[in-house]
Amino acid sequence: MPRDMMIEAEELAKRYGETQALAGVDLAVPGGRILGLLGPNGAGKTTVVRILTTLALPDAGRARVAGADVVAHPAEVRRHIGVAAQDATLDGLLTGRQNLVLVGELSDMGRTASRQRATQLLAQFELTDAADRVMKGYSGGMRRRLDLAAAMMTRPPVLFLDEPTTGLDPVSRQRVWEAVRELTAEGVTVLLTTQYLDEADALADRIVVIDRGRVIANGTPRELKEASRGARLEVTLTAPYPGAVEAIGSLAVGRVRISDDGRRLSAGVDSAPGLATSVVRALDAAGVLVDNVEVRQPSLDDVFFSLTGGHLPAEDDQPGDSAASAHGTRPEMEGAGA
Amino acid sequence: MTTTTLRPAPAGTGILGKLPALLGGGRDVWGMTRRNLVHISREPMQLSDVTLQPVLFTVLFVYIFGGGIPIPHGSYRDFALAGLLALNLVTSTMGTAVGLSTDLHGGIIDRFRALPMWQAAVLVGRSFADLMTSCICALIVAVTGLAVGWRPDAGAGPVIGGFALVLFFAYSLSWVAACVGLNSKSPESAASFGFIVLFPLAFVSNAMVPTQHMPGWLQAVADWNPVSAVTAGARDLWGNPNPSAAIHAWPMQHPVEAGLIWSALILVIAAPLASYFFRRRTTE
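Chains L and S are the protein sequences, given in the same order.
In my numbering, each residue carries its 1-based index in the first sequence increased by 67.
In my numbering, each residue carries its 1-based index in the second sequence increased by 1288.
These are computed hints drawn from the structure, not numbers from a lab.
Glycine included, every Cβ here is placed at the ideal spot set by N, Cα and C.
Be a bit skeptical, because a hint or two may be false.
Derived, one-sided and incomplete: chain S residues facing chain L with beta-carbon distance under 8 Å [claimed, not checked]:
#	residue
1	1327
2	1403
3	1569
4	1572
Please model the entire structure based on the sequences and the hints provided.
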């Protein structure tokens, strides 16, 4: 393994009772880069983070963070990491400031340095007004921001952010994104888990997609999009025509899906010059009147859904639902976006 | 690419090399102790078992039971105060079990475990904070006792020694409570520990009544109960009536020594056990 990797994992495996949470995960993050760890709920993202932050022991495989083995030298790893976990892991009965100072002191920063750093981070995350209120009274967004501030207290060279923007409003999300970008500008290495594809797309230098405890894709956002070359064809007809499916069948990759009212067709297609023209000609030859033709290039959402079989949680109202319906792997969602 | 540098690990060779680590451990314990003390200031009702309960128990026992329990060579209130101190301190160790269980059930334990701190500070800090609340409790018992007419008949040294004896026992017992808290499924089940274990432990003793009136087998249990030893020890040190002095069981003849031995024994067994349970509970 290259020496400049700040996070590296080989063949990590972990079982919780009957559940094989991880079945051989490899990761490598060079210094100063952001890795987006992407996957649906239950894919094993949090387990990866727990092992890399010394909270859980792997059943098999090896991992090193900042050059230290997570199993053999957990104390050494802890000196170099900051963690913002999924559950709020701060003390509800302490004020925001007291929480940060406690984290600093327990990290051997000393009282004065801890106080100064806390004041600075509270200002950075716009928590100065709430700094001396008990954390229990914070909103969800404020808690996540305080959690992030706690992770950054010691200016750790490696930062683990487990779904840092889950449940945040768009404004808070933007703030978190800005904070993460600033960190990498300072040379901090970040492992970020997320269910939000746009988040990984916006922040990550590389993306690893895991599903059911395995890595199913690994690359830059661009590489992943290119790997899924197929574009999506959406056709709206003036009225339902039985012959329409057959007419575009030769252009489609896989099945052509029809909406309930019979007017909308969707199919995967290979990107090619003049594709829309071919579609219209084929339908015209079959005597079908067309209202609209759309050829969409793949988004990271499409890549994700095609890789994971599209079982992203339904409550998620991030962009992605329409892609799921178009893909046809979730027939129950078809028409949801129409 | 990276502009951050890794901080070197503290040197760890020899006893002097370990000194920074020891100091660091002390700072971690102090940080955790302060955290738990802040909790108490935020939710003062949590403290009711060491503030209101001593007042309530003292008044109840002295004025309601006191008249019906004859004490040879003295008054019930002079007899009762050492028992009330033991009773209140023993039952308040429930707070250690509940507090630790609450910490383990929230996400906060993960935060501490990922910090470069001395992990046992979670336990030691808790025990120190609980010792401080025990001291507050002892002070309230003393003030209430003085208000209802309790008077020690000894110098300042032995009087303080009597309080210290019971406080040391309560501190040791808080490590037993820690073991319970580390093994309980929820803070609620940790609380039930108080009713199932601590109340019988406190009452099957000479704390509130002389053991001479108990059935033979129960008296034997009570005379060897560590609560009886520390209570009788405090009575002796305070110069208050101690009917147990007439009992031949060894701990009743040497209550201060017995109390110290019991407390030390409980501490050396329960503290390592608690740190073992903590490691087991937090390993996944």
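Do the hints match the structure? See the list:
1. 1327: The hint holds - residue 1327 of chain S has a Cβ within 8 Å of chain L, the shortest such distance being about 5 Å.
2. 1403: Status holds, d = 5 Å.
3. 1569: violated (13 Å)
4. 1572: Nearest chain L Cβ about 5 Å off; hint holds.
Consistency with the previously given hints fails for number 3 only.
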